[in-house]
Amino acid sequence: MARMKFICDAERCIECNGCTTACKNEHEVPWGVNRRRLVTVNDGVPGERSISVACMHCTDAPCMAVCPVDCFYRTEDQIVLHDKDLCIGCGYCFYACPFGAPQFPQAGAFGLRGKMDKCTYCAGGPEENFSVEEFRKYGRNRIAEGKLPACAEMCSTKALLAGDAPVITTIYKTRVVTRGKGDQIWGWAMAYGGSDQLKDQAGGKT
Amino acid sequence: MRRETRGARAAFVAAALLLAACHEIPQDAAKPYAGKEDTKAYAGDRFNGDKAKYEKALADRAQNENEYLRTHDAKNQ
Numbered sequence: 323m324a325r326m327k328f329i330c331d332a333e334r335c336i337e338c339n340g341c342t343t344a345c346k347n348e349h350e351v352p353w354g355v356n357r358r359r360l361v362t363v364n365d366g367v368p369g370e371r372s373i374s375v376a377c378m379h380c381t382d383a384p385c386m387a388v389c390p391v392d393c394f395y396r397t398e399d400q401i402v403l404h405d406k407d408l409c410i411g412c413g414y415c416f417y418a419c420p421f422g423a424p425q426f427p428q429a430g431a432f433g434l435r436g437k438m439d440k441c442t443y444c445a446g447g448p449e450e451n452f453s454v455e456e457f458r459k460y461g462r463n464r465i466a467e468g469k470l471p472a473c474a475e476m477c478s479t480k481a482l483l484a485g486d487a488p489v490i491t492t493i494y495k496t497r498v499v500t501r502g503k504g505d506q507i508w509g510w511a512m513a514y515g516g517s518d519q520l521k522d523q524a525g526g527k528t
Numbered sequence: 002m003r004r005e006t007r008g009a010r011a012a013f014v015a016a017a018l019l020l021a022a023c024h025e026i027p028q029d030a031a032k033p034y035a036g037k038e039d040t041k042a043y044a045g046d047r048f049n050g051d052k053a054k055y056e057k058a059l060a061d062r063a064q065n066e067n068e069y070l071r072t073h074d075a076k077n078q
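Here the protein sequences come in this chain order: S and F. Using the numbering used here, you'd call the opening residue of the first sequence number 323 and step up by one each time. Using the numbering used here, you'd call the opening residue of the second sequence number 2 and step up by one each time.
Please note that the accuracy of each hint is not assured.
To give an idea of the interface, some chain F residues facing chain S are shown, with a C-beta separation under 10 angstroms as derived from the structure [claimed, not checked]:
hint : residue
1    : Thr6
2    : Asp39
3    : Gly45
4    : Lys52
5    : Lys57
6    : Gln64
7    : Tyr69
To be clear, the hints were calculated from the coordinates, so they are not data collected in a lab. We put the beta carbon where it would ideally sit given N, CA and C, even for glycine.
Assemble the whole structure, with the sequences as input and the hints as a guide.
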């Protein structure tokens with residue numbers, strides 16, 4: 323069983339916004355809703371880094387936990403999706419999400435919120451695959467076509483990786499090791515407090 | 002004698018109350034999904050319900066993101 327995830331390689335992202343444009347175009351996302359966006363840290367300062375952020379399809383998704391109408395579900399590939407027919411647009415998921423993934427289109431005057439919209443991993447939603455209704459509510463279903471999300475496939479530097487977790491982590495690990503920073507900066511220690519090891523490396527933590 | 006019984010009863014109630022605080026409600030219980038059933042991604046004409054074929058298509062597609070492999074292949078051609 324696949325476990326579909328995104329990884330964004332901050333060393334490669336050139337802030338071109340190709341991923342956000344691909345997403346907007348592929349799903350005809352309405353004005354004011356951004357399923358994917360770029361976040362730049364230390365913008366304008368030498369050594370700035372950018373990452374592309376959208377729904378990360380969490381293994382233990384907080385949006386799912388807080389939803390009062392239980393409109394979230396997980397596909398066989400561990401993609402977190404939701405039923406817009408059930409969503410009441412309460413916004414709890416927006417507060418729960420650490421990535422700011424849930425988006426709410428303005429549905430009328432006085433800031434009235436519409437139903438939540440978020441990255442679907444290009445997997446559509448709970449409508450018949452490739453139906454007009456599915457496209458209208460959730461966008462294109464590339465996964466059912468055997469394709470990966472448009473944002474990752476469009477990424478010119480392949481900074482954004484999408485696919486089964488073991489596959490894309492292997493690709494990413496190959497890059498890290500090939501960059502010459504060594505095997506020691508990979509794994510648990512690096513992810514959880516071992517970044518001090520980078521301070522002696524070129525471009526590492528100072 | 003009666004005083005001792007009362008004391009024992011109070012100790013029993015206190016112990017029960019203390020132990021009750023140790024009870025932890027599971028927080029990771031899977032929440033039910035109340036919406037419509039989604040069709041499987043591999044159910045359509047493209048894969049005709051063949052899950053293995055679907056997973057292989059995605060895995061092959063993911064390797065297009067691995068330019069180390071792609072350039073290696075290009076060198077060998």
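We went through each hint and held it up to the structure:
1. Using the Cβ-Cβ criterion of 10 angstroms, the hint placing threonine 6 of chain F at the interface with chain S is not satisfied: the shortest such distance is roughly 48 angstroms.
2. With a cut of 10 angstroms, the hint placing aspartate 39 of chain F at the interface with chain S holds, because the nearest CB-to-CB distance is about 4 angstroms.
3. Evaluation of the glycine 45 of chain F hint against chain S yields a held restraint, the C-beta minimum of about 5 angstroms falling below 10 angstroms.
4. Checking lysine 52 of chain F against chain S: minimum C-beta separation of about 8 angstroms stays under 10 angstroms; hint holds.
5. Because the smallest distance between the Cβ of lysine 57 of chain F and any Cβ of chain S comes to about 9 angstroms, under 10 angstroms, the interface hint for this residue holds.
6. Among the interface hints, the one on glutamine 64 of chain F holds; its C-beta lies about 8 angstroms from the nearest C-beta in chain S, closer than the 10 angstroms criterion.
7. Proximity of tyrosine 69 of chain F to chain S holds as hinted, the smallest CB-CB distance being about 6 angstroms (cut-off 10 angstroms).
The structure shown violates just one earlier hint, number 1.
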